[in-house]
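2 protein chains.
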Amino acid sequence: MNHKVGEYRFVSEPFHVDFTGKLTMGVLGNHLLNCAGFHAAERGFGIAELNENHYTWVLSRLAIELNDLPKQYDEFSIETWVENVYRLFTDRNFAILDKEGKPIGYARSVWAMISMETRKPADLLTLHGGSIAEYVCDKECPISKPGRIKVTTDKPVEEYRTRYSDIDINGHVNSIKYIEHILDLFPMETFRKKRIHRFEMAYVAESYYGDTLCFYREEVAPDEYDIEVRKNATEVVVRSKVVLK
Amino acid sequence: MNHKVGEYRFVSEPFHVDFTGKLTMGVLGNHLLNCAGFHAAERGFGIAELNENHYTWVLSRLAIELNDLPKQYDEFSIETWVENVYRLFTDRNFAILDKEGKPIGYARSVWAMISMETRKPADLLTLHGGSIAEYVCDKECPISKPGRIKVTTDKPVEEYRTRYSDIDINGHVNSIKYIEHILDLFPMETFRKKRIHRFEMAYVAESYYGDTLCFYREEVAPDEYDIEVRKNATEVVVRSKVVLK
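Going down the list, the sequences are from chains A and B.
Just so we're aligned, residue 0 is where the first sequence starts under numbering that gives the first Met the number 0, counting upward by one.
Just so we're aligned, residue 0 is where the second sequence starts under numbering that gives the first Met the number 0, counting upward by one.
Since the hints were derived computationally from the structure, they do not count as laboratory data.
Fair warning: there could be bad hints in the mix.
With a cut-off of at most 20 Å between alpha-carbon atoms, the simulated SDA-like pairs for lysine to any residue come out as follows [to be verified]:
no., chain 1, residue 1, chain 2, residue 2
1, A, Lys70, B, Ala47
2, A, Lys119, A, Lys70
3, A, Lys176, B, Asp167
4, B, Lys144, B, Asn66
5, A, Lys192, B, Ala47
Starting from the given sequences, assemble the full structure and let the hints guide the process.
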């Protein structure tokens, strides 16, 4: 086994599948982020080690492309590895494998590290004496990088005031909840006829308890939707792209 | 080890804790229901075996009482066992244990089995030749049984139209989502000052995609709230009790 690649096993739980019986994107996103955490922790650059030095990982971009998703009770696994380390960002990729080990999807993510005191980015190349660079791996990730998401409309399709269940331990709306709220912009009928082929998230700023989130959505090409979430009518919080097939 | 009691291990994941850093009730509920499923499946009366005979388990009541909850990254475990089997209902109990194995909470649940064709209840005493009764166990569960929940107000505190992410593989609003929506009736401030000591759910009827759920809430004693959820302004869907401490 390649010590640069981490592999983690899961089962698709009954309350983690949608009405089609397939794993939800929110739960998949949660598993991906957990795998990132496991992989980093096992190699000495996890959040617990960083916290001691008052640094933390911040997710900047996530792009997922899928041919299929695990059905209720299916076993599946997720592989993750580091593709690049730059001074301010690192690229971490994922493969989603079905129970036979066949890839059914891939994901790309971009992370920064910040100081919890100053909220300023930290230099990844000097972290742990640059040890993160030892894990850079050229395993293939055959999906395109997160792209540009552009929404021009000024008419929100939805407004939502954040609640108790949206808020994580840092007092921010949690990264997974945005995914749920964005997919809830679509009528259920959409997912009866089509499935999500590609999904992108760009995390731009934090939102907090009681913020009003406005959701703007545009169909930029057939079955391709760009979404922007702004808080309190002005500041962009996240952008997202949903491509159906 | 007592073969009548199942024990399952978990870790409190970052996106599964609330702003206080403790496991959310929704995630705990999900784990409890999964444990019920594992325990039943391992003993031959799980949903997969029942499905072959066109029967399924239906959760009727859930009561959880807690002295504490696992913090982010804490390991914990859940024990589950069958307390009683009647003709139409079975009582299944749970203990929630911290990483040292000390109980930090207990739960009680009541289940029925129904035919998926007629939706009528089935006789549990004849299921698999009555084999479920072999697992009845007198392990202590020192919390009171689910009680009566009564709401008289006609003024809803919240209205919510169900969305894509609420709906499970059966086309119903999923049992865990009700828990989230009910706790979201409380301002975050409530959970900064107090914690949930006891939480009850009574599942009365199903609701579906596009239903409008009205939430009625009454403080029936200091820090004790009874909640009723009605769909489309009339039919009761679930009742709940939240006791804070």
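Right, here's what the structure says about each hint:
1. A:Lys70 x B:Ala47: With Cα atoms ~14 Å apart, A:Lys70 and B:Ala47 stay inside 20 Å; holds.
2. A:Lys119 x A:Lys70: violated, 41 Å
3. A:Lys176 x B:Asp167: Between A:Lys176 and B:Asp167 the Cα gap is close to 17 Å, so the pair holds against 20 Å.
4. B:Lys144 x B:Asn66: Cα-Cα ~17 Å, so holds.
5. A:Lys192 x B:Ala47: violated, 27 Å
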